[in-house]
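A.B. asks: Residues per chain, in single letters:
4 protein chains.
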Amino acid sequence: MSSSSKIAFIGLGNMGAPMALNLLRAGHQLSVYDLSASALQVVREAGASIADSAAAAVQVADIVISMLPASRHVEQLYLGSAVGSSTEVPGILGQIAAHALIIDCSTIAALTSQKIALAAQARGLAMLDAPVSGGTLGAAAGTLTFIVGGSARDLERARPVLAAMGKNIFHAGGNGAGQTAKICNNMLLGILMAGTAEALALGVANGLDPKVLSDIMSKSSGRNWALEQYNPYPGVMENVPAARGYSGGFGVDLMYKDLGLATEAALSAQATIPLGELARNLYAMHSKNGAGAEDFSSILKLFQNTSK
Amino acid sequence: MSSSSKIAFIGLGNMGAPMALNLLRAGHQLSVYDLSASALQVVREAGASIADSAAAAVQVADIVISMLPASRHVEQLYLGSAVGSSTEVPGILGQIAAHALIIDCSTIAALTSQKIALAAQARGLAMLDAPVSGGTLGAAAGTLTFIVGGSARDLERARPVLAAMGKNIFHAGGNGAGQTAKICNNMLLGILMAGTAEALALGVANGLDPKVLSDIMSKSSGRNWALEQYNPYPGVMENVPAARGYSGGFGVDLMYKDLGLATEAALSAQATIPLGELARNLYAMHSKNGAGAEDFSSILKLFQNTSK
Amino acid sequence: MSSSSKIAFIGLGNMGAPMALNLLRAGHQLSVYDLSASALQVVREAGASIADSAAAAVQVADIVISMLPASRHVEQLYLGSAVGSSTEVPGILGQIAAHALIIDCSTIAALTSQKIALAAQARGLAMLDAPVSGGTLGAAAGTLTFIVGGSARDLERARPVLAAMGKNIFHAGGNGAGQTAKICNNMLLGILMAGTAEALALGVANGLDPKVLSDIMSKSSGRNWALEQYNPYPGVMENVPAARGYSGGFGVDLMYKDLGLATEAALSAQATIPLGELARNLYAMHSKNGAGAEDFSSILKLFQNTSK
Amino acid sequence: MSSSSKIAFIGLGNMGAPMALNLLRAGHQLSVYDLSASALQVVREAGASIADSAAAAVQVADIVISMLPASRHVEQLYLGSAVGSSTEVPGILGQIAAHALIIDCSTIAALTSQKIALAAQARGLAMLDAPVSGGTLGAAAGTLTFIVGGSARDLERARPVLAAMGKNIFHAGGNGAGQTAKICNNMLLGILMAGTAEALALGVANGLDPKVLSDIMSKSSGRNWALEQYNPYPGVMENVPAARGYSGGFGVDLMYKDLGLATEAALSAQATIPLGELARNLYAMHSKNGAGAEDFSSILKLFQNTSK
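Protein chains in written order, with full-length UniProt numbering: chain A, 1 to 308; chain B, 1 to 308; chain C, 1 to 308; chain D, 1 to 308.
Misleading hints may appear alongside valid ones.
To be verified - Quick list of in silico lysine-lysine cross-link-like pairs, PhoX-like style, CA-CA up to 25 Å: (1) A:288 / D:219; (2) C:257 / C:211; (3) B:211 / C:6; (4) D:301 / C:167; (5) B:301 / C:301; (6) A:257 / C:301; (7) D:211 / A:288; (8) C:167 / D:257; (9) D:211 / D:257; (10) C:6 / C:219; (11) B:301 / C:288.
For the record, the hints were derived by calculation from the structure and aren't laboratory data.
Being a predicted model, the structure only gives us computed values, none of them experimental.
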C-alpha cells in the first residue's frame, strides 16, 4: 500500500517518538506536537514538521494519533480543561477535519475513552482506542500489538497506519473495548508475575534450585508467559531484566498504574477481583520500597528470604 | 527392558487402581492392599494378588509403591500410629526387604516425606517421593507426570517402573523435593486459574466477549495454561470442565488441599506467599458455597456478576 | 437558640425523611423535594411544603440540605447533567440565594464534594460536606453523628441545624474532609467486622465457645466496636442483627459501597490499603451469595464451617 | 493465701525471669533451669535454687511451670527429642511427681499443647496451658493476663500461683483452649493494628490530620484497642512505641509468629481466615524490610506514602 497519509501525532515520549519514526519510514507526512521541545528533536531530524500547538498539528490531518501518559492528559487534549479550573483551554476536537480518524494509543480508563468517543461522534468524528503492548523495544522495532476498540470499519481505515507501527492488531469490540481488554490482560500479567515469583521463592526457601523448578513448572500446569518468557529469578534465563539487575523492561510503576486502571474498571462494573487488587497493593508496597523504576519482575524481592 | 519386578502397591483408589493396572499390563507381578475390599476387585481380575495387610504385601517386594490421600495416612503406613494413640499399629518399614526401593506417589507434606525417608535410611532402605500430575485420565492412559525427590541413582532404578505409568519424569532434587516442586506448581496453578477467572469476569462485566478476550490474552502476556488449555469461561472451549457444568477434572477440594500444603511449606520455611494464601481462602469459600466436588475452574463463579 | 430557618431539603429517603421530621419538630420551615412522590407524604403531613422541583425548593432557602444515594446524584443536583448526555438539565447552584449555606449530608466521593464546593465558591456560595453515621435509627432518634468538612465558620452557622438532627458533630478539616474521615472510619469498620468474624469462626472451628471467646477478647487487645457492640456471632449478644437473622442494621451492600469509596480514595491518593481492598472483595462475594440486603455482620457466614 | 509451694520453673528468658521473681516475692520456693547460665543469675540472687537440668529441677516440685519460645522447645522438654534425631533425650514427664500440676505458659500450637497434655494424663499428671498477654512490662509488674486451657479443678489449684504473676485469669475451655483463644485474640489484634494503620495512612494521604482522624474514629464505629491504646501514627499519642521510634513493645517478629500459629490452627480445622493470612504476609514483608525487631505498630510504614 503506497498511499501516504497526513498524520498528526501528539505525544512524543519514550513510546510515541519511535512510533512516529516508523510512520515517517513508511512514507507518511507527520505534523507533531509535544509539551517538551527536546522530545521533538529526533522526529524533526527524521522529517516531521513541528507544530506550535496540538490544535495547529491536527488542522489538516487525515489521521490524528495521540500517545499520552494518563486519562487526564487525553481528556484535556480532546475535551479541554475542566470547568472551574484556573486556566480554561479548549479541546482540539473542534479543530479536527470532519473526515479525519482519531486513534488514541494511550493506556487510559475505558470510561474516559468512551466519553471522548461520544463527544467526537457528536461532532461527526470517528475515533478508535488502540492501546499497545510490546514496550519501547516493540515500539522501536515496529512490532507492537494494538488492542483496538471501535467500529470494524474504522479499524480497516486505521489498519495500514497501525501496520506501520506494529505486528498484531486485535479488535476487542466497540469504543473502550481496546482499553478494557488491555487492562484485563495486564491485570492478569501482574498476577502471573507475582504468582510465579511466589512459587519460585517458596521452592527456593524449601531447598529447590530455581532453574530446575522453572523447568518442571514450564512443562506442567504452572506454565505461563512470566515463567517462560520473562523469568523473574536471576540466573534462570538470559536476556531478561532479572539477568541485568531488573533494569529495562516494564517498570513497577507502570504495572502499578495498570492495576489501578483495572481496579477502576472493577469499581465501575461492580466486579470482584481479589487477586488483582492484592497484586495492586503488592506492587505499591514494592514501589514504596524504592523499586518503582525497576522492571516489574523484581516483585520477586518482596517474597525472597533475605540473609536473616 | 523386559525384566519384571515384584511390586507391592498400597492404595488402590481413583488414581492408584489405574496405575496398578498399567503396571500389570507392563508385565510386573503385583501384590496389592487397600482398606476397601471393593477397590481391589478390578486389579484382582487383572491378575494382582491380594494381600491381607500392607505388611504382608510388602514382604517379598523389590519395589513398594504407595498412593494414599494425605500425610497422616502415609506416615501411619510406614511409621505406624503415633505414640499415645489408642491403637498402636507398627509401620511397615520393618517388613520391607533390605534391597527394596520405596516409591511414595502420594501428594503430601515435604516434611513428612523427609521424615519417612530418614527413618527408611536408618534401616538401610532407599526411598523416593514421586507425586504425580495428570489426574485420573492420565493415570488410566499411562501419561502421568512424576516429579521425583531422592537420589539420582534411586531414580534410575525406579525409571522403568515409573515409565509404565507415566510419560514425563522430572528429578526435582533430594528427598522431599518432589513434593515441594509439585506443591509449588499447584499453588501457581491455583493462582493462574483464579487470576484468569478474575480477568475474564472483569472483561465480561465491562462488556467484552469472553471468547474474544481469551483469544487476545492467549496471544499476549496474559498467556497461561489455565487460559489456553482449561479455559474456565463456559462457551470459550470445548472438552473442558467449563463446557460440561464443571463436572470431572480436578476438584475444588483437591486444589484447596494442595494450597493448604503450600501454606504449610511456607510456614515451615518462613516464606511469603500472599497470593497463594489468598487463593487458598478463595477456594475454601467456594467449597463452602457447595462447590467442593466441582472442577476447580468453577472458581469463576465466585467472581461473576449474577443477575442483579 | 429559638430562631427558625428556611430550609430546603432534597432527598427524603430512609435517612432523609426522619432527618427532615426532626427539623420540623425543631421549628424550622421546610421546603422539600424528592423524585418519589410517596416519600414526600409523611413530611407533608408534618408541615413541610412540597416543591415542584429541586430548583423551586431552594429559591428562598437560607440553608440547603441534600441527602442522596451516591456521587452521581449529588453532582447532577448541583452541577447539572454531564455535557453530552441526552437530556441536559442545569444544576441548582444558580437558583440558590447568595447568603445561603449548602450542607450535603450524602456519603459520596471526597473528590466530588470538593468539585461541587469549588463550583459553589465560584458563585460565592458556602458549602459543607456533612456525611452521617448512626443509621435510620439514629436519624429517627435525632442522635446522628455528623463528620463535617468545610470552614470552621460555616460549621458554626450550620451547628444549630445539625444539632436538631444529631448528637455528635466532628470537624474533620476543609471541604471533602468530612467524606474522607467517614470513609476511613467505615473502611476500618469493615475490616474490624470481618476480622472479628474470622477470629470467632477460627475459635469455634477449634472447639471454643463463641461467648467465652468474645468475653476474653473484649477484655484483651482484640477489643473493638464490632466485637463489643455488634457481635456477629448468633447467641453472643441480644439486640444486635446477629440475634435476629441479620435483619435490620447496616446492609452488606452499603458496606460494599463504602469500601468502594475507600478504594477510590486510595486510587486518587496513591494509598496502599491491602486489607481494605480485600475486605471490599469479601463483602462483594458475600453480596453475590445473596446476602446484599442482610446486615453486614453476616459476613461471618463467609468464614463459618458448614455441616460438611 | 499464705501457703508456699515448691515450684520448678523452666525457661528464664525476658518473660520467664520477671515471672519467677514475682513467685519468689510471693514466698514460693523455686528450683529453676535454663540453657543459658546468664539468664539464671538474677533469679539466683533473688533466692531461687539453680538445678543442673530440667529433669533435676522438677523432681520434688508441686508445680512445674514452663515458659519457652516455641512448640518444638516445649515438646522436647516434656516428651524428649524426636525418634530418629541424632541425640535422643528423654522428656521430663517421667521425672515429675504424681501429685504435681504442670502449667505451660508458652505460646505454642494448640495441637502441641493437647498432645503433651494427653501424654501427661497417660502418666496420671494434670496439665494446663496458660499462655499470657501483657508483655515484659506486665511480667515485671505482675499484671499479666493468663488465658487458660484445662479442667476447672486444675485451674483452681493453679490460681494462687497465677495470681502471684498476673491480674486477669480467663478459663477458655479444655486442654489447648488457652492457646486457641490467645491465638484468636492475637490474630484479631494483628488485623486491628494493620487495619488501623491503613485507615490512618489513607486519611493522611487524602489530607487529614492523623490526630483529628484518630479522635473521630475513636468516638465512632472504627473504635478499637490499637487505635485507642496503642496508636501507630507518630505524634498522636504519648507513651506508645510510635512515640519513640517504634522501640520496645511487642515485636513485628512476635506478631508474625502468632499469625503463623493462627494459620496452623486454620489449616488443621479447615477454617477460612483471608484477612488473617494476608496480615501474616504483611508482617512478613515488613520484617523482611528490616523491621523485625521494631514494635508491631510500625506496620504503618508499609502503607505510608513516602517523599515521592
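A.B. asks: Determine for every hint whether it applies to the structure shown.
C.D. replies: Structure-based check of each hint:
1. A:288 / D:219: violated (32 Å)
2. C:257 / C:211: violated (31 Å)
3. B:211 / C:6: violated (59 Å)
4. D:301 / C:167: Answer violated: residue 301 of chain D to residue 167 of chain C is near 35 Å, above 25 Å.
5. B:301 / C:301: holds (18 Å)
6. A:257 / C:301: At roughly 34 Å apart (the allowed maximum being 25 Å), residue 301 of chain C and residue 257 of chain A break the hint.
7. D:211 / A:288: holds (24 Å)
8. C:167 / D:257: violated (43 Å)
9. D:211 / D:257: Not OK: residue 211 of chain D and residue 257 of chain D at ~31 Å, beyond 25 Å, violated.
10. C:6 / C:219: violated (49 Å)
11. B:301 / C:288: Holds - the C-alpha atoms of residue 288 of chain C and residue 301 of chain B are around 10 Å apart, at most 25 Å.
In summary, the structure is inconsistent with hints 1, 2, 3, 4, 6, 8, 9, 10 from the numbered list given earlier, while agreeing with the others.
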